[in-house]
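Q: The residues making up each chain are set out below.
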Amino acid sequence: MANSENTTGSMHFTGRRIHAGLSTIMVLAILIIIQLLAVKHNARFDVTGNKRHSLSEQTVNILNTLKEPIKAYCFVNETEPMHLQIRDLLERYAAQSDRFTFQFIDIDREPLKAQQFKIDPGEAYSVTVLTRDTEYEDGYRKITSATENDLTNAILKLTRGDAAKTVYLLTGHGEKDLDSEEATGGHSLRSGLENANYGVSELNLVSEKTVPENCAALGIVGPTIDPSRDELDAIQTYLDRGGNLIVAIDPQISCPNLVALLTKYGITVGNDLIVDPNGFQHVLQPVIGDYGDHPITRNFNYLLILNLARSVTPAEEPPAGMTLVTLARTSEHAWAETNLSNLENFKPELNESEDIKGPVPIAVVSETLSGQSDPARASDSGSVARTRVIAIGDSDFADNYFMMTNPVHTAFMMNAFHYLTDETDLIAIPPVEKLHQPLNLTESQVALAFWIPVVLLPLMILGWGGIRIYERRKAG
Amino acid sequence: MNRFLTIFNRELGSYFISPIAYIVMAVFMIVTGMIFYSNVVFYAQASAMSLQNPSFGQLILAEDFIRPLFDNICVILLFMSPALTMRLFSEEKRSGTIELLLSYPVRDTEIILGKFLACLTFLVIMTALTSCYPIFLYFTGNPEIGPFLTAYLGFFLMGAVFLSIGVFTSSMTDNQIIAALFAFGINLVLWIIGWTGGGSDGGMLSGVFKYVSIIEHYDPLVKGVLNSQDIIYFISMSGLFLFLSHRVLIARKLRG
Numbered sequence: 001m002a003n004s005e006n007t008t009g010s011m012h013f014t015g016r017r018i019h020a021g022l023s024t025i026m027v028l029a030i031l032i033i034i035q036l037l038a039v040k041h042n043a044r045f046d047v048t049g050n051k052r053h054s055l056s057e058q059t060v061n062i063l064n065t066l067k068e069p070i071k072a073y074c075f076v077n078e079t080e081p082m083h084l085q086i087r088d089l090l091e092r093y094a095a096q097s098d099r100f101t102f103q104f105i106d107i108d109r110e111p112l113k114a115q116q117f118k119i120d121p122g123e124a125y126s127v128t129v130l131t132r133d134t135e136y137e138d139g140y141r142k143i144t145s146a147t148e149n150d151l152t153n154a155i156l157k158l159t160r161g162d163a164a165k166t167v168y169l170l171t172g173h174g175e176k177d178l179d180s181e182e183a184t185g186g187h188s189l190r191s192g193l194e195n196a197n198y199g200v201s202e203l204n205l206v207s208e209k210t211v212p213e214n215c216a217a218l219g220i221v222g223p224t225i226d227p228s229r230d231e232l233d234a235i236q237t238y239l240d241r242g243g244n245l246i247v248a249i250d251p252q253i254s255c256p257n258l259v260a261l262l263t264k265y266g267i268t269v270g271n272d273l274i275v276d277p278n279g280f281q282h283v284l285q286p287v288i289g290d291y292g293d294h295p296i297t298r299n300f301n302y303l304l305i306l307n308l309a310r311s312v313t314p315a316e317e318p319p320a321g322m323t324l325v326t327l328a329r330t331s332e333h334a335w336a337e338t339n340l341s342n343l344e345n346f347k348p349e350l351n352e353s354e355d356i357k358g359p360v361p362i363a364v365v366s367e368t369l370s371g372q373s374d375p376a377r378a379s380d381s382g383s384v385a386r387t388r389v390i391a392i393g394d395s396d397f398a399d400n401y402f403m404m405t406n407p408v409h410t411a412f413m414m415n416a417f418h419y420l421t422d423e424t425d426l427i428a429i430p431p432v433e434k435l436h437q438p439l440n441l442t443e444s445q446v447a448l449a450f451w452i453p454v455v456l457l458p459l460m461i462l463g464w465g466g467i468r469i470y471e472r473r474k475a476g
Numbered sequence: 001m002n003r004f005l006t007i008f009n010r011e012l013g014s015y016f017i018s019p020i021a022y023i024v025m026a027v028f029m030i031v032t033g034m035i036f037y038s039n040v041v042f043y044a045q046a047s048a049m050s051l052q053n054p055s056f057g058q059l060i061l062a063e064d065f066i067r068p069l070f071d072n073i074c075v076i077l078l079f080m081s082p083a084l085t086m087r088l089f090s091e092e093k094r095s096g097t098i099e100l101l102l103s104y105p106v107r108d109t110e111i112i113l114g115k116f117l118a119c120l121t122f123l124v125i126m127t128a129l130t131s132c133y134p135i136f137l138y139f140t141g142n143p144e145i146g147p148f149l150t151a152y153l154g155f156f157l158m159g160a161v162f163l164s165i166g167v168f169t170s171s172m173t174d175n176q177i178i179a180a181l182f183a184f185g186i187n188l189v190l191w192i193i194g195w196t197g198g199g200s201d202g203g204m205l206s207g208v209f210k211y212v213s214i215i216e217h218y219d220p221l222v223k224g225v226l227n228s229q230d231i232i233y234f235i236s237m238s239g240l241f242l243f244l245s246h247r248v249l250i251a252r253k254l255r256g
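Taken in order, these protein sequences are the chains called A and B. The first sequence begins at 1 in my numbering and counts up by one. The second sequence begins at 1 in my numbering and counts up by one.
Since the hints were derived computationally from the structure, they do not count as laboratory data. Hints are supplied without guarantee of correctness; some may be wrong.
Said to hold, decoys possible - Partial list, derived from the structure: chain B residues whose beta carbon lies under 7 Å from chain A:
| hint | residue |
| --- | --- |
| 1 | TYR22 |
| 2 | GLY33 |
| 3 | THR140 |
| 4 | VAL225 |
| 5 | SER228 |
| 6 | ARG247 |
Unchecked claim - Simulated pairs of lysine-lysine, DSS-like, Cα-Cα distance not exceeding 27 Å:
| hint | chain 1 | residue 1 | chain 2 | residue 2 |
| --- | --- | --- | --- | --- |
| 7 | A | LYS67 | A | LYS40 |
| 8 | A | LYS357 | A | LYS264 |
| 9 | B | LYS253 | B | LYS93 |
| 10 | A | LYS347 | A | LYS357 |
| 11 | A | LYS51 | A | LYS40 |
| 12 | A | LYS51 | B | LYS210 |
| 13 | A | LYS113 | A | LYS142 |
| 14 | A | LYS113 | B | LYS210 |
| 15 | A | LYS40 | B | LYS210 |
This structure is a prediction, so every number in the text was calculated from the model and none was measured. Even for Gly, the Cβ is constructed at its ideal location relative to N, Cα and C.
Build out the structure end to end from the sequences listed, making use of the hints.
A: What follows is the structure, given as structure tokens:
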């Protein structure tokens with residue numbers, strides 16, 4: 001009888017253990033299913049003020065329509081400052097699309113991988129290579145920044161399989177030095193263009209004589225002396241065959257040949273100086289927030305800051321076939337001061353009969369059929385092609401200082417080059433609104449940051465505890 | 001409900017009977033206060049440099065202050081949470097009161113939830129003391145509220161997971177030191193399991209490790225990104241370890 005009860009109890013015990021084991025397995029299985037569903041149907045909310053951890057609509061659309069796998073090999077070591085930034089970005093891309101994957105590679109441990117992508121020592125530790133999954137022999141794109149704009153454009157170019165276009169920047173007239181990393185240098189412009197997957201070359205027309213055939217766009221950024229007649233002829237020949245030109249010219253720079261060339265394309269460069277009473281740091285740093293309806297500036301809700309700028313106005317009656325659009329204007333409070341006779345004691349004052357009253361155009365784009373600006377040349381060439389010319393009344397806004405401190409400047413310049421090179425679907429993603437939250441504290445505020453949490457609050461806690469324990473002991 | 005509240009009040013009250021709770025809170029404040037103060041000094045210096053040099057770059061309170069602050073406070077939580085939970089069941093087992101507790105007309109789930117939530121409430125009280133940090137920043141700077149709230153949410157949810165692990169390890173042994181070390185070990189594994197190499201395509205195992213890693217789910221919250229999958233992860237992990245604690249208690253009952 002006792003044996004029978006023991007056996008029944010043992011069976012009962014074993015049965016409950018099996019039940020406990022099975023229920024544990026079931027709970028684990030349910031939890032795993034919940035996690036899988038949670039990953040598949042994740043809802044994401046970016047609660048930051050400027051949505052800096054979200055991808056733009058353009059990027060989301062491109063990632064959602066990826067037809068083939070894209071893999072990013074990131075050669076940025078963990079010790080590099082940009083590591084976290086690029087990782088954050090790549091993770092957002094990977095979370096958006098199953099077809100986008102990435103891998104970090106330690107260039108010191110896997111130098112062969114770097115050789116496969118022909119990574120120069122200069123770009124080691126800062127380069128991300130985008131490939132069509134493992135078929136990197138088929139073409140790849142490199143970027144050396146951690147911006148959504150460059151990464152998305154690289155994906156777009158890779159998936160389209162386009163060969164990189166080359167832009168040339170004219171030298172020999174005091175233009176921005178593309179290798180200079182000084183505040184007034186042009187290194188940021190070069191790296192911006194390279195990150196947008198352009199080949200960037202300098203062009204000296206005195207020695208080269210002609211603009212190369214593969215020139216997708218020619219830039220003249222910040223000349224201080226006028227190009228010669230021969231150089232202008234070479235540029236004109238290039239434009240006549242459907243070339244594209246962007247000129248950024250500062251005030252008080254006398255370049256009659258260059259100005260005359262722009263005039264042919266309906267753009268008048270004023271001999272003046274923009275004065276903005278609401279300027280950034282002073283009245284000669286106009287703040288630009290009024291943009292024309294054009295692909296370059298569409299959805300541009302940001303401020304450009306110019307430094308010593310001149311007016312650039314479109315012709316009131318452009319020739320037939322020529323389209324002129326003002327890209328950017330100053331505020332209505334600004335004006336273009338024409339009396340520059342006494343700059344040492346410069347006291348700007350609006351003279352309505354001589355000055356150009358605001359809003360003053362400072363950037364204009366001209367699109368025309370090549371040769372139509374000069375009918376004689378058109379008949380010579382025999383063929384008609386589209387020519388695009390952009391003129392901007394300031395070059396400082398494209399120097400290292402302004403491009404590094406304000407990403408809107410980079411976006412504007414890249415948009416201009418994308419438009420010139422007919423890469424309008426690469427038009428820059430508007431940069432995230434810049435946030436700068438300095439904490440300017442007085443000495444007493446810094447002292448408070450120490451005394452309250454480190455001394456006062458712990459003492460209060462200990463005092464409160466001491467009283468409570470004392471009362472408890474006293475009570476009983 | 002009343003029985004649950006009885007357990008909850010008894011556990012929460014037990015923290016404040018001895019001086020230990022007050023000492024733990026004071027030490028927590030001193031350590032986090034020092035971290036906060038060093039962040040204030042560093043950020044104020046960076047702000048001064050940014051004024052002198054406009055190309056210094058952006059300074060964002062949420063990214064450059066709140067995020068490192070909460071990252072460091074969470075490290076303290078990693079070490080401190082086992083100390084908060086180690087005695088929950090171990091002490092009862094060592095003193096023999098666990099048999100008495102289990103014999104009461106109270107469900108096992110109520111015992112576990114009562115102890116767990118009491119511990120979590122103590123953590124919330126401790127965390128509430130740090131509210132002086134956002135108040136300070138609110139009056140001296142212009143912080144975004146969203147990232148602050150999600151960072152606190154992340155800290156709370158991570159605390160809930162660590163405490164549930166502590167409840168589980170405490171239910172397994174009558175030795176408080178072993179319970180604390182075991183809990184710390186599991187916490188640490190959850191912390192570092194995602195450090196298995198960089199990339200999104202490290203294979204299935206790497207993907208599983210990354211998903212299990214608590215940091216992978218905490219990081220978006222402290223950045224100001226709220227993912228439903230992260231919230232579900234934290235709740236699931238807490239639920240899992242509380243369930244396992246329940247299993248341990250059941251097993252003890254079965255053993256008699």
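Q: State for each hint whether it applies.
A: Checked hints:
1. The restraint placing TYR22(B) at the interface with chain A holds, with a minimum CB-CB distance near 3 Å, inside the 7 Å limit.
2. Checking GLY33(B) against chain A: minimum C-beta separation of about 3 Å stays under 7 Å; hint holds.
3. The criterion of a C-beta within 7 Å of any C-beta in chain A is met by THR140(B), whose closest approach is roughly 6 Å, and the hint holds.
4. The closest approach between the C-beta of VAL225(B) and any C-beta of chain A is roughly 5 Å, which is under the 7 Å cut-off, so the hint is satisfied.
5. The closest approach between the C-beta of SER228(B) and any C-beta of chain A is roughly 4 Å, which is under the 7 Å cut-off, so the hint is satisfied.
6. Below 7 Å, beta-carbon pairs count as interface contacts, and ARG247(B) has one with chain A at about 6 Å; its hint therefore holds.
7. In summary, the hint linking LYS67(A) to LYS40(A) is supported, as the alpha carbons are separated by about 20 Å, within the 27 Å threshold.
8. Under the criterion of a C-alpha separation no larger than 27 Å, the hint pairing LYS357(A) with LYS264(A) is consistent with the structure, at around 24 Å.
9. Restraint check for LYS253(B) and LYS93(B): satisfied, since their Cα atoms lie roughly 13 Å apart, inside the 27 Å limit.
10. Proximity of LYS347(A) to LYS357(A) is assessed by CA-CA distance (about 17 Å); at most 27 Å being required, the pair is judged to hold.
11. Our distance criterion of 27 Å between C-alpha atoms is met by LYS51(A) and LYS40(A), whose separation comes to about 23 Å.
12. Taken as a hint, the LYS51(A) and LYS210(B) pair is honoured in the structure, with Cα atoms around 25 Å apart against an allowance of 27 Å.
13. Distance hint between LYS113(A) and LYS142(A) is fulfilled; the C-alpha atoms sit about 14 Å from each other, no more than 27 Å.
14. Between LYS113(A) and LYS210(B), the direct Cα distance comes to roughly 25 Å. Compliance with the 27 Å bound is thereby established for this hinted pair.
15. Simply put, LYS40(A) and LYS210(B) have alpha-carbon atoms about 16 Å apart, close enough for the 27 Å limit, and the pair holds.
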